[in-house]
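Full structure from sequences and hints, please.
There are 2 protein chains.
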Amino acid sequence: MRQPQLEPAAGTPQQVRIYEVGVRDGLQNEATVVPVEVKAEFVRRLLAAGLKTIEVTSFVSPKWVPQLADAEELIRLLGADGLGPDRPVLCPNDKGLERALALGVTSIAIFGSATETFASKNLNRTIAESLTMFEPVVNRAKDAGAWVRAYVSMCFGDPWEGDVPVGQVVHVARAMMDLGCDELSLGDTIGVATPGHVERLIDALVEGGIDLDKIAVHFHDTYGQALSNTLAAVRHGIGIVDASAGGLGGCPYAKSATGNLATEDVVWALQGMGISTGVDLTALVETSRWMAEYLGRPAPSRVVRALSAA
Amino acid sequence: MRQPQLEPAAGTPQQVRIYEVGVRDGLQNEATVVPVEVKAEFVRRLLAAGLKTIEVTSFVSPKWVPQLADAEELIRLLGADGLGPDRPVLCPNDKGLERALALGVTSIAIFGSATETFASKNLNRTIAESLTMFEPVVNRAKDAGAWVRAYVSMCFGDPWEGDVPVGQVVHVARAMMDLGCDELSLGDTIGVATPGHVERLIDALVEGGIDLDKIAVHFHDTYGQALSNTLAAVRHGIGIVDASAGGLGGCPYAKSATGNLATEDVVWALQGMGISTGVDLTALVETSRWMAEYLGRPAPSRVVRALSAA
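Going down the list, the protein sequences come from chains A and B.
Residues in the first sequence are numbered from 0 upward in steps of one, following numbering that gives the first Met the number 0.
Residues in the second sequence are numbered from 0 upward in steps of one, following numbering that gives the first Met the number 0.
Not one of these hints is a red herring.
Label-pair restraints from in silico Cβ distances:
| hint | chain 1 | residue 1 | chain 2 | residue 2 | range |
| --- | --- | --- | --- | --- | --- |
| 1 | A | G166 | B | M0 | 21 to 29 Å |
| 2 | B | G277 | A | G166 | 29 to 37 Å |
| 3 | A | V37 | B | T116 | 39 to 47 Å |
| 4 | A | E72 | B | G10 | 48 to 56 Å |
| 5 | B | T131 | A | A282 | 40 to 48 Å |
| 6 | B | M0 | A | G295 | 32 to 40 Å |
| 7 | B | A143 | A | A9 | 42 to 50 Å |
Partner residues aside, some chain B positions facing chain A, computed with beta carbon under 7 Å:
| hint | residue |
| --- | --- |
| 8 | Y222 |
| 9 | L230 |
| 10 | W267 |
| 11 | V302 |
In case anyone wonders, no lab produced these hints; they're calculated from the structure.
We put the beta carbon where it would ideally sit given N, CA and C, even for glycine.
This is how it looks when you write it as structure tokens:
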């Protein structure tokens, strides 16, 4: 299978860690409900393809997201493959956290918002109230020895509020990191960012006291900008990139889809630039083709489609 | 209509010239044959949206490309809108050039290959033979006072030959510029380039004596890399970018499509970074929606789709 030509680019890190979100964020946003055995097989194939960090599932109420009603079962099915510091699970609140800890989970993620409108719509709280909700979750997780990631959504724009001031994002991000979180993921939930904006927010966060090596980026391709913004971040010193195998969760055939950055597309770029990700591109493409076949439609990832057509 | 948040990025030019290829390269690669009146209206709408440089048509044999059999008629229909230094037409050989000059065309483009295999398949000649074919075309055009662009395809990879050595591209590019061409467009015909590769080729061309301000880039999105590579080029000093309104010619629903960079997607990025293109994004999106409606399917451009869904 074709591989990108190796042409190192100046000013880039030697390696980037991919935080794989296809199993949780990806499948959660697909119309097809995937059986738990297939999800477990998906995790195992991703591990075999060299993905080291995989968000496995989310302990939300099954009433909200039926696709995630199998969270406990998936963790049990995976055994050792589903636990440990590199298998975070999303825990939106204390109830979710207790379910996760009871299974031996030692790595979690919480999900905040940079804007009041999205905090209200997604969490039914103000930003301040959401921080009050997160505090005991993070404390309990840290007491249990767990690693904690903080997602902040709407960092680069909001569908209701429009532009989002950089200072507002820094305020929320600092507040979440001050709770004791270990990693911060900056979400461009509606995909509107451009590279100068990415660089400015990263600079502002570092000036605000957040370590550069704790910052991850999570771009969506709604406006076709996901890979450009990701590479702008990487060239600005970011070493952790969220991506979804095959582009799962962002089917280009669905009008409402917002489009996750496809892991294959960013791995193609990074590998070409001589930046190591540990990912075996051929094995990953095969995995995404297998999942696309299960879902009954082509993978959104352009690399997967190009290499499948070849 | 939503616009990107303005956040200037360091190390970028103040403005970029979009070389619009949707009318020629885009429609040529669409399954639907578009009537000449609609093509003329398309050109006029693009001009009204602020696109300054528009490749209008190609004087190839109608036997090869039936979509372009209306080249003469289109130029006549457009009148003053279709002529001048910013309305180049593609002239693959001396016959095409004579047809163009007879109509008052004063700006042309020729189309070469960086690889022997593609030269053979596309031009039925070796690279050396193609240069021999171009020489009288460029001489005749320059004698007539015309401006000449040189396309070089397969600059970053070839479907048959695999990797393409940078030195080979420089050799062909220099030979074409030495004929007297005014501008060089580097084509990533199969969409495999990554940013380090882009920067290395640009550096090599400049070292080879080609002025940076005469170099344009033409990326395809086959592997999802087109915008990233374009922005890498712009941040490396390139001021001329080829793009296709709406992403025409690269329908993502067609398995064989290679995917032109959508003008809207690159304008979104550049506008966000504070780089002027002169394009009115709202008017351009309306134009691409109008054309997509004519073609009976959504525009491939993600910006067009996102703003149409909003």
